[in-house]
Amino acid sequence: MTANIVLAILVTSLATYISRFLGALTSEKIGETSKIYKWFNCVAYSTLAALISRMLIFPSGDLSDVHYILRIIVILLSILIFYVTKRNLVYPTILSAIILATLNSFAV
Amino acid sequence: MINLKYFIKGIVCSKKFDSPAIALGASFIAIGALLKNLGFNIQESIFSTFLTYALPGSLVMAESMLIGASLVNIFLAVWLVNSRLFPMTVSIMPLLKHDSQPRWKYYISCHFVAVSSWLILKSNYEEIDRKYRIDFWIGIGTATWLIAIFSTVLGFYAADFLSKDMIIGLAIVNPIYFMCAMIGVMKTIQLSSAIILGAFLGPIFYFFSPEWSVLLGGLVAGSIAYFIGEVYDS
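So the protein sequences, as listed, match chains H and A. Residue numbers for the first sequence follow our numbering, so the first one is 1 and each next one is one higher. Residue numbers for the second sequence follow our numbering, so the first one is 1001 and each next one is one higher.
In case anyone wonders, no lab produced these hints; they're calculated from the structure. Heads up, none of these hints are tricks.
SDA-like mimics (lysine to any residue), calculated; alpha carbons at most 25 Å apart, straight line: (1) A/Lys-1036 - H/Ala-101; (2) H/Lys-38 - A/Val-1220; (3) A/Lys-1187 - H/Ile-79; (4) H/Lys-29 - A/Lys-1131; (5) H/Lys-86 - H/Ile-73; (6) H/Lys-38 - A/Trp-1079; (7) H/Lys-35 - A/Lys-1097; (8) A/Lys-1009 - H/Glu-32; (9) A/Lys-1097 - H/Ile-18; (10) A/Lys-1105 - H/Phe-21; (11) A/Lys-1097 - A/Lys-1122; (12) H/Lys-86 - A/Ser-1192; (13) A/Lys-1105 - H/Tyr-17; (14) H/Lys-86 - A/Lys-1187.
Calculated Cβ distances over 12 Å to all of chain H for the following chain A residues: (15) Asn-1003; (16) Leu-1004; (17) Tyr-1006; (18) Lys-1009; (19) Ile-1011; (20) Val-1012; (21) Phe-1161.
All C-beta atoms in this analysis are idealised placements derived from N, C-alpha and C, irrespective of residue type, glycine included.
All chains, full assembly: derive it from the sequences and hints.
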C-alpha cells in the first residue's frame, strides 16, 4: 500500500513533534546546573555525532550512490580546509559540495 | 507578547556569514528536488517542510514512500530517527527558562528545535538577558525555519536544472557542515568525548540495528562521556 502524500506528511510531522514536545515537558523540572541536565547535554551531542557519522559512512538517498573512497576523501579534505582556514565553517562546507560533485562526475 | 528587540536579534544571529543557515539552505534545496522527483506538488513540498522541519525525518519519509511503506511504518521510522530531538530539546529549554514567560511559548517554539537552530542558540545564548532568551530563540527558530521553507521551494523549481552530480554535492553539504561544527565545539573533555564516542558508536551499532543505531549509539556514548567528564573536567 502506498501512503497518500498528505497523510504521510501529517504522520511524519506528528512523529517529529512528539519528541520535541516531550523534551519541552521533561525540561520543565530540570535546572541548568543539575547533573541530569549535563547528562542530557552529553547524550544530545553524542546522538548528533552518531547521526552525522552514520549519514557520512552509511548514507541513504543520493549519497549512497557515491563510492565510499570518494566520501572519505571529501571528509578528510573538509577537516583539513576547516583547520587551514582557522576553523571557518563556510569554506569546507561550500568546497565539499564542489569537490564531491567534481570527483563524482569523473568517477562514473 | 514577544519582545521584538530580542526576536530580531535572534533573526540577525541566524544570518551571520558563519551561520549554519548555509548548510540548512543547501540541504533543503536537495529535499525540495527530492520531493519533486517523488511526485509531490509544490503545496505538498512546502507543507512538508513547514510541519516537519527536520531533515533526516523528511529523508526517511521520502525513502519509505519510495518503497511503498505503510503509514505505521513511516511513523515508526521517522519517530526513531527524530527522537534525537528529545535530548536536544531538554538540553536547551532550561537555558531559556524564565518565570515571567508563558508556557505556550516553550510548547510552540520547541517545533524550531533542529541541528542548525540548536547550534546557533548554543553559541550565542550567554550574551542574552535571561528574561528574553525565549524571544531570542523564537527569532532564531523563525529565521532558520523560513530559510528551510524557502530553500525547499527553490529546490523544487530547480530540480529540472540540477544534474545528478550537483544533487549529490548538495547532499554532502549538511553532514560536512555539522561535522566541522561539532569539531569546533569540542572544548571540554566531556563534550569532546561525547562527540568522538558518538561518531564511532553510531556506525558500529549500525551493524547490529540500522534503525536503532543513532539512538543507542548516542545514549551509550553520551553516558560514558558524562562519567568521563565528571572525573576529568572538575
